[in-house]
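**Q** We have chain A; now place chain B onto it with these hints.
Chains A and B are the protein sequences, given in the same order.
Anchor point for the first sequence: position 337 equals 337 in my numbering, and the numbering is continuous, going up by one each time.
Anchor point for the second sequence: position 243 equals 243 in my numbering, and the numbering is continuous, going up by one each time.
The set of hints was computed from the structure by calculation and includes no laboratory data.
Being a predicted model, the structure only gives us computed values, none of them experimental.
Positions of the beta carbon are idealized from the N, C-alpha and C atoms, including for glycine.
Wrong hints could be hidden among the right ones.
[Stated by the list, open to error] Footprint (simulated), chain B over chain A, 3 or more residues, beta carbon under 8 Å: (1) 42-50; (2) 64-75; (3) 78-88; (4) 297-306; (5) 313-327; (6) 331-341.
There are 2 protein chains.
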Amino acid sequence: MEFVLDRTDTQTHARAGRLTTAHGVIETPIFMPVGTVGTVKGIAPDLLQTQVQAQIILANTYHLYLRPGTELLKEAGGLHRFMAWKGPILTDSGGYQIFSLAERRKLTEDGARFQSHIDGSYHQFTPENVMDMQRAIGADIIMAFDECPPGDAPETHVRTAHERTLRWAERCRRRLGETEPLYGYDQALFAIVQGGIFPEIRRESADRLIELECPGYAIGGLSVGESAEHMYAMVEVVNERLPAHKPRYLMGVGTPENLLENIARGVDMFDCVMPTRNGRNGMLFTTEGIINIRNLKWQRDFSPVDPGLDRYASRTFTKAYLRHLFVAGELLGLQLASLQNLAFYLWLMKEARLAILEGRFLGWKQDILPRITQRR
Amino acid sequence: MEFVLDRTDTQTHARAGRLTTAHGVIETPIFMPVGTVGTVKGIAPDLLQTQVQAQIILANTYHLYLRPGTELLKEAGGLHRFMAWKGPILTDSGGYQIFSLAERRKLTEDGARFQSHIDGSYHQFTPENVMDMQRAIGADIIMAFDECPPGDAPETHVRTAHERTLRWAERCRRRLGETEPLYGYDQALFAIVQGGIFPEIRRESADRLIELECPGYAIGGLSVGESAEHMYAMVEVVNERLPAHKPRYLMGVGTPENLLENIARGVDMFDCVMPTRNGRNGMLFTTEGIINIRNLKWQRDFSPVDPGLDRYASRTFTKAYLRHLFVAGELLGLQLASLQNLAFYLWLMKEARLAILEGRFLGWKQDILPRITQRR
Numbered sequence: 001m002e003f004v005l006d007r008t009d010t011q012t013h014a015r016a017g018r019l020t021t022a023h024g025v026i027e028t029p030i031f032m033p034v035g036t037v038g039t040v041k042g043i044a045p046d047l048l049q050t051q052v053q054a055q056i057i058l059a060n061t062y063h064l065y066l067r068p069g070t071e072l073l074k075e076a077g078g079l080h081r082f083m084a085w086k087g088p089i090l091t092d093s094g095g096y097q098i099f100s101l102a103e104r105r106k107l108t109e110d111g112a113r114f115q116s117h118i119d120g121s122y123h124q125f126t127p128e129n130v131m132d133m134q135r136a137i138g139a140d141i142i143m144a145f146d147e148c149p150p151g152d153a154p155e156t157h158v159r160t161a162h163e164r165t166l167r168w169a170e171r172c173r174r175r176l177g178e179t180e181p182l183y184g185y186d187q188a189l190f191a192i193v194q195g196g197i198f199p200e201i202r203r204e205s206a207d208r209l210i211e212l213e214c215p216g217y218a219i220g221g222l223s224v225g226e227s228a229e230h231m232y233a234m235v236e237v238v239n240e241r242l243p244a245h246k247p248r249y250l251m252g253v254g255t256p257e258n259l260l261e262n263i264a265r266g267v268d269m270f271d272c273v274m275p276t277r278n279g280r281n282g283m284l285f286t287t288e289g290i291i292n293i294r295n296l297k298w299q300r301d302f303s304p305v306d307p308g309l310d311r312y313a314s315r316t317f318t319k320a321y322l323r324h325l326f327v328a329g330e331l332l333g334l335q336l337a338s339l340q341n342l343a344f345y346l347w348l349m350k351e352a353r354l355a356i357l358e359g360r361f362l363g364w365k366q367d368i369l370p371r372i373t374q375r376r
Numbered sequence: 001m002e003f004v005l006d007r008t009d010t011q012t013h014a015r016a017g018r019l020t021t022a023h024g025v026i027e028t029p030i031f032m033p034v035g036t037v038g039t040v041k042g043i044a045p046d047l048l049q050t051q052v053q054a055q056i057i058l059a060n061t062y063h064l065y066l067r068p069g070t071e072l073l074k075e076a077g078g079l080h081r082f083m084a085w086k087g088p089i090l091t092d093s094g095g096y097q098i099f100s101l102a103e104r105r106k107l108t109e110d111g112a113r114f115q116s117h118i119d120g121s122y123h124q125f126t127p128e129n130v131m132d133m134q135r136a137i138g139a140d141i142i143m144a145f146d147e148c149p150p151g152d153a154p155e156t157h158v159r160t161a162h163e164r165t166l167r168w169a170e171r172c173r174r175r176l177g178e179t180e181p182l183y184g185y186d187q188a189l190f191a192i193v194q195g196g197i198f199p200e201i202r203r204e205s206a207d208r209l210i211e212l213e214c215p216g217y218a219i220g221g222l223s224v225g226e227s228a229e230h231m232y233a234m235v236e237v238v239n240e241r242l243p244a245h246k247p248r249y250l251m252g253v254g255t256p257e258n259l260l261e262n263i264a265r266g267v268d269m270f271d272c273v274m275p276t277r278n279g280r281n282g283m284l285f286t287t288e289g290i291i292n293i294r295n296l297k298w299q300r301d302f303s304p305v306d307p308g309l310d311r312y313a314s315r316t317f318t319k320a321y322l323r324h325l326f327v328a329g330e331l332l333g334l335q336l337a338s339l340q341n342l343a344f345y346l347w348l349m350k351e352a353r354l355a356i357l358e359g360r361f362l363g364w365k366q367d368i369l370p371r372i373t374q375r376r
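Chain A extracted, bound-state conformation (with noise of 0.2 Å):
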């Protein structure tokens, strides 16, 4: 994996890049679909490509793991060939949706012992078979096996945690290192800065995880009910450690004033659930604003879903058909939903990396906001 900076805003802390994988090049700043299970829910691989214009795609080692299992994963080939994506992908390792389980796992130094939460079955994961399980998953990106401490969690346990997913960290890298890729080409590990909203910790943990000398970083532990003004003082401490030359994934986020602010703090790749979830219930994501599409005031509304992007989903199909398929409760609604926000976020890293480029992103965010972030 290579990381290339195109441009390093001066008004701002943006940047460009490319990043490229065995599976293509990633141009940065960029948002990442969710594609928990192998599929981006309600959309196919070949829509994902042209009308998403998606360059990478996350996956879960959680959930892959228990459905449809890494074993059957490793027979099929590897996770793109399984879902049939030729496209980069990062896998999260676990960690986030191991601690979500809350009473239903246990933790030691070894790892997390947790009961799916799908039949309740037992299960172990330690840094070392979540890299393996990775090998077989067969991202382009893979994450280090992290503790992600609740977002109202005291010091102390934060502290812990960070120091744990330090000790995680090295035992992550050094399976790597002892392991080959399964399927021909390089995968690359990223560690995940933890420390809550505790800037000491938040700079201990980033000192700590660069001597590791990662291809590149993840800021997790945010997005988990902390202030926006949390996040972004969080990003700012851990971006000024992080190396220049390396990029910087935020986990879980966020909404599309998260992303431009965050860019603007010198982040480059995002992933949230909030798109795809949020339009399947009707929420949309435009040019123009914030829409949910159930209102009766769209009822009779034949303007297109959104005129100011060029997509099939967004140009073909007025706001009263849209309306209608939710209505109704048609499957085709949640799908151009989806599509629609998908295609609006991969829309607006594109045109935050053009200002970047330009030298306009301040400007260009400053007008922009008030604009797509309106309720319509």
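**A** Only chain B this time, still in chain A's reference frame:
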């Protein structure tokens, strides 16, 4: 609307024809995917065209009247524009749906009063207002308002229903003559032959409706619980009477076997929810037989969904992947299965047409039936 017969089979009664509408030419025999409320469930119109290769789709007056309403469809410029489908559309009259409401409807000579299945509100359908609704919807082919008795109805009831259907067909024809199409193209009225499983009533219904000189005829009141033998016998009885130079549409039928057997008996057009509904339940029609994709036997089967069908859904994904999508309850599974099944139905019609044109329909049918109807 114009109907041309390209060839009539000499060993069977199969016909290959072309039906020209304002929205395109339909090559018969043809299967019409069902788009009840203005969407073929889970399939966007572009894929309906390129992947399913649908030539005409069906929508329902009853459902569209309730949601989004025919006034709204008028404002939208008709159903074609509302749903962004450029090809021909046929609308059923609502007769079948209303008579399915059983306890929630009351019949008089004037029409049918019924309660909405959505909110229990009261509505009245008459031959006249059903024609007006179908004017507003703007389908290329519209159906007369009929009384469709249940499959186990006694002969006296079936006779009464046939006689009322006849009087209603006359009223439909008159109303259509008194009104103009709303969107600048002609709409062709098909009358519906009733008569249950009683040959004498079927003959009388056909003979009397032929006098109305409609541009096409449908056979209704079948596929309502009777045996396949009864269905085939009734189709034979009716098709002996129907004029050869007009298209014949068998409503609500059926399995791939039903389609081929009825093509052999001179039917040109079909519709059925089976490919989409069964698809959503994980039942796949393929060129190699019928598959329940949820079965454990497909868990590690990395062969294509249907190697014999040259379509994205059929060739790109493995049975193991599609099974995974169903087991995980993923939306994409419903879409891919629906695409596969509809593409298979349309492929089957295309192959049947080719076989008729080349004078080898009977042999082809005998060859292909065991293959496509086997349970795998």
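**Q** Hint by hint, note whether the structure agrees.
**A** Here is how each hint holds up against the structure:
1. 42-50: holds (count 5)
2. 64-75: holds (count 4)
3. 78-88: Per the Cβ count (3), the hint holds.
4. 297-306: holds (count 3)
5. 313-327: holds (count 9)
6. 331-341: holds (count 5)
In this structure, every one of the numbered hints holds.
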